Each structure stands twice: as C-alpha cells, then as structure tokens.
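Bring the two chains, given one by one in their own frames, into a single complex with the hints.
Line order of the protein sequences matches chains A and B. Residue numbering for the first sequence follows numbering that gives the first Met the number 0, beginning at 0 and increasing consecutively. Residue numbering for the second sequence follows numbering that gives the first Met the number 0, beginning at 0 and increasing consecutively.
Just so you know, these hints were derived from the structure itself, not from any lab. None of the values given here were measured: they were computed from a predicted structure. Glycine included, every Cβ here is placed at the ideal spot set by N, Cα and C. Check the hints yourself; a few may be wrong.
Some but not every residue of chain B turned toward chain A, in silico, with C-beta under 7 angstroms [claimed, not checked]: (1) F8; (2) A12; (3) G14; (4) V24; (5) V44; (6) L51; (7) A53; (8) P123.
Some, not all, of what chain B presents toward chain A, calculated at C-beta under 8 angstroms [stated by the list, open to error]: (9) V10; (10) S11; (11) V18; (12) M30; (13) A33; (14) L60; (15) S97; (16) A127; (17) L131; (18) L151; (19) M154.
Letter by letter, the chains look like this.
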Amino acid sequence: MIDILLVVAAAIFGIGVYGALSQQSFVMIMMGLELMLNAALLVAITFWWASTGGNPAGQLLVIVILAVMAIEAAIGFALVTAVYRSRKADITEKLKKLRN
Amino acid sequence: MNPGPLSYFLVSAFGIGAVVSGWLVFRTDSMLRAAYWLMVSFVAVGAMLIVLDAQFLGLILILMMSGEMTIMAIFMILFMMNPAGLNPMTMVHQHRTSIIAGVGSFIVLAFVGVVAEFPDRPVPAGNATVALGEELLGRSMLVFESAGVALLAVMIGAIAIAAKQGRFGDAFDGSEEPSIDVETGDRS
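If we strip away everything but chain B, and leave its shape as in the complex, we get (with noise of 0.2 angstroms):
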C-alpha cells in the first residue's frame, strides 16, 4: 500500500512532535512536566503507529502511555524536589559525553536509515488488527501467554523489593541520608 500525501504529512507532524517533546522532556525546570512531555511524546509516535495501518498497537500505545506516565508523575512528587518547576533545575552529569554520545547515536541511526536498502514488500490492504489477533492467539499464543507471566512475576517482585518491611527488617531502620560536600564531592 503506497502511502498518500496525507500519510507523509501527519507522519512527518506526528514525528516532529515527538522529536520536539522528547527533547523537552530534559529541558524543563519541573519533573512534573517532563512526564507529561514524555506522554506526548508517547502519544505522537502511537498516532504514528495508526497512520501506519497498526490501529490496535497505537491506541495501545497511548493508553499504557497515559497510565504510566500519570503513575511518573506521581512519583515526580512522592520524591523528587521541584516538582513544579518554580525553580531552574539543572542536574546533569558528563554533560558534554552525553551530548556526544547522543548526537552520534542519531547521527549513526539515522545514516544507516537513510543510506541501506531495505525490502521493499509492504503492508497489503486489509485489516491488520485481525491478524494480529490470530497470530495471538494462535500461532504465537506461547509468546503471549509468556509476556503475561512475566508481567505478573514482575509485579510480585516489585512489591518484595519495594515493601516496607524488606528482608531484613524495617527499610528505615538504621536508614541516613548521605551527605555530600558540595566542593570536594565527599561524603561525612
């Protein structure tokens, strides 16, 4: 399926706002909003997935998206200081590395996006959703069924390891925050 001038547009909008709101998730003074700039972000590339014909994994997408990000956003607040953003906040570290690091990763990625060849055999014209629904539920079912046991193995461990009462003893039993000097970086 060859996609129409409208596809290019709301692909190359969608994707533009997901580039912008990534970005801005680590430019804003508040936390808060560095969540919610995440969700958009989330949000534009699951209406990029739409466009591209996978209905299912986009509202998926969207919808996972606004559940963990609001449940970020909870935590912003829990522990994070600033969480309104009245303050400038800049806490980075290796800064220039990490610009580095990220500037050539994009530089790499996008290279070999733009240069290789890839197959070119596209979606044909039909609904895709069912057929992802009987690959689920046939054909790969074990795959699924396995996604779904990790998922409720990972929730019991997350509830031992984030439980009050830990292995041993109380969490906040013998529990201090470690200072640090802000000249020398040592801790008393």
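Next comes chain A alone, as it looks inside the complex (with noise of 0.2 angstroms):
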C-alpha cells in the first residue's frame, strides 16, 4: 500500500512542478504550487499511517503544511493583486522590467 501511495504522491508532485515551471500565468502558477503541496501533505499522511506507530505529531506536521497551503494561497493572491494594480500585468512575461 505504501508503495502505490508514495507512487501517486509523486505523479501530483511531478504534475505540480510542470505547471510552477511551465505556466505564465500567476495564478497557475500557484495552481502548480498548490499541487506540490498537495503531493506533500499526502506522503506526510502516509508514513504517519504506516511508519509512526500512530504519533499524533505526524498528523500535526498536516495541520502546519495546511497552514502554509493557506499562507501560500493568501499572500500569492494579494501580489497578483497588486502588481496587476501597479503594472496591469497578469502573466510573468509582463514582469522582464522590475524598474518602477
């Protein structure tokens, strides 16, 4: 069982660093982010379960990947916002100039 779920866990992280690396648009960006995370979370859930002996600090470990999710997703959002206000950019290949 192990073995399918490290195999998953690693087929959503390779799906995620394709799209961080291959997206121009931020928010896909994050979408590829998001799913790295995802691929985290899920191997974090997975040696807890099979390797821990049932330490409830492995689940832990899940909340404070969570909170990182949620601070990702929170701070990501609010810089697309405001270089979209400052540059009406909304892709990185509007971003090559950081002057102004």
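Following this line, the structure appears as structure tokens:
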C-alpha cells in the first residue's frame, strides 16, 4: 500500500513541478505550487499511517502544511492583486523589467 | 492495522482520480475549470486521508480546499482572460524544460518510494482523531497557536499588500499596461 501512495504522491508532485515551471499566468503557477504541497501532505500522512505507530505529531505536521498552503494562497493572491494594480500584468512575461 | 482489499481499491481509485484531475488542471482551456479540477484533486487526496484513518484531516482538507478553490475561481474571473474556455488556451513557456523537470522528479521520487525500505509500524486500531486533539491541546499547543498567529499576520500583510491605497499613494497612479512586441518580446 505504501508503494501506491508514494507513487501517487510522486506523480502529483511531478505535475505540480511541470505546472509551476511552464505556466505564464500567476494564478496557474500558484496552482502548481498547491499541487506540490498536496503531494507533500499525502506523503506526510502516508508515513504517519505506515511508519510512526500512530504518533499524533505526524498529523500535526499535516496541519502545519495546511497552514502553509493557506499562507501561500493569501500572499500569492495579494501579490497578484498588487502587481495587476501597478503594472496591469497578469502573466510573467509582462514583468521582465523590475524598474518602477 | 493491515489494509484490506477495499482499502487498496479505494486508495488506488482515489489516487488515479487525484493524478488525472491534477493533470487536467494544466490541460483544460478554461482557467475556471482548472481551479475546479484542482479542487477535485484535493478532494481525492482528502478521501485518501480518510481511508488512511486520518478522518479529521481528510475532512478539513476537503472543506478548506473547496473554499480556497472557490476564491481562486473568483480571481480567475476577475483577472484572467478566457475564464469560460471558449477559445483554445496555451499560456506556457519553457515547455520542454518543464516536462523534463516534472517527469524527472516523478521518476526519482517514485523510485525512492518503491525501492526504499521504510519502518513498518502502522497506526494501531483506535481513534486517531482523539489522539490528535490531545496532542493539539497538550504537548504541541504552541505549534498549533503559532500556526494561528502566522495566519493572522498573513491576513494583515495580505490586506496591506493588496490595498488600493498603497505605501506610495494610490495604487493606480502612474500605472500603465506594459506592451509586448509579439515578434521580438521588446517593450515599447
């Protein structure tokens, strides 16, 4: 069972890496990051379930990952809003120049 | 606790669902649908967590991601072009490098997951949610509270960053849309 779970997590992480590197839209890049965190979350629960003897600290790690996901989304959306207001930019190609 | 055939079936089915829906996030023409495919992927992983005796975390994940992806869908409609997917959408760069990086990371991580030996100490039968509650309100309360304080700080910071009245005056003052020359990539 642990093999299946880790392969699934690896596939989700790989898709997230592809999305974060390939997408031009800021929000689509965030989706790639969210997928990578999704995989990390699945791996954490897999090891808690299979290898820790039920130590609740393993579940606590997942709560920390959930908090990180919420923080990433909130700061990401705030930055997208700020960049759109100042540059009218919604894709990375419009931000090649940092001046002003 | 040894998993039964039903657990194998459910984990495999939800795992395939999570991977396929995760892939469809970057294959659909509609950004709105992309947000909802991502939500489907999270819901599938949440269902896997429930099968793995982490019922509380699975339900929290499903609840939280349903809300977050709905907010993300609103952002898609606000900022992005083609939210309905009426036209073909390909907004990618460094495509080949991205595919190599994604496939490479999958192969390396899957290889480690299949080949490596991990300790075999499964979760004992019992209520893991009760144990988590005692951990959160006992030994690890400081970690739990720190996550709450971090979220509060992020709420304040996000409002400060996104506020229309920025640190240097109105956010729209002097803003202009950068133009891109399609042929050369130069800006005017």
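These are the hints, each one checked on the structure:
{"no.": "1", "hint": "F8", "in the structure": "violated, 11 angstroms"}
{"no.": "2", "hint": "A12", "in the structure": "violated, 11 angstroms"}
{"no.": "3", "hint": "G14", "in the structure": "holds, 4 angstroms"}
{"no.": "4", "hint": "V24", "in the structure": "holds, 6 angstroms"}
{"no.": "5", "hint": "V44", "in the structure": "holds, 5 angstroms"}
{"no.": "6", "hint": "L51", "in the structure": "holds, 4 angstroms"}
{"no.": "7", "hint": "A53", "in the structure": "holds, 5 angstroms"}
{"no.": "8", "hint": "P123", "in the structure": "holds, 5 angstroms"}
{"no.": "9", "hint": "V10", "in the structure": "holds, 6 angstroms"}
{"no.": "10", "hint": "S11", "in the structure": "holds, 6 angstroms"}
{"no.": "11", "hint": "V18", "in the structure": "holds, 5 angstroms"}
{"no.": "12", "hint": "M30", "in the structure": "holds, 7 angstroms"}
{"no.": "13", "hint": "A33", "in the structure": "holds, 6 angstroms"}
{"no.": "14", "hint": "L60", "in the structure": "holds, 7 angstroms"}
{"no.": "15", "hint": "S97", "in the structure": "holds, 3 angstroms"}
{"no.": "16", "hint": "A127", "in the structure": "holds, 6 angstroms"}
{"no.": "17", "hint": "L131", "in the structure": "holds, 5 angstroms"}
{"no.": "18", "hint": "L151", "in the structure": "violated, 11 angstroms"}
{"no.": "19", "hint": "M154", "in the structure": "holds, 7 angstroms"}
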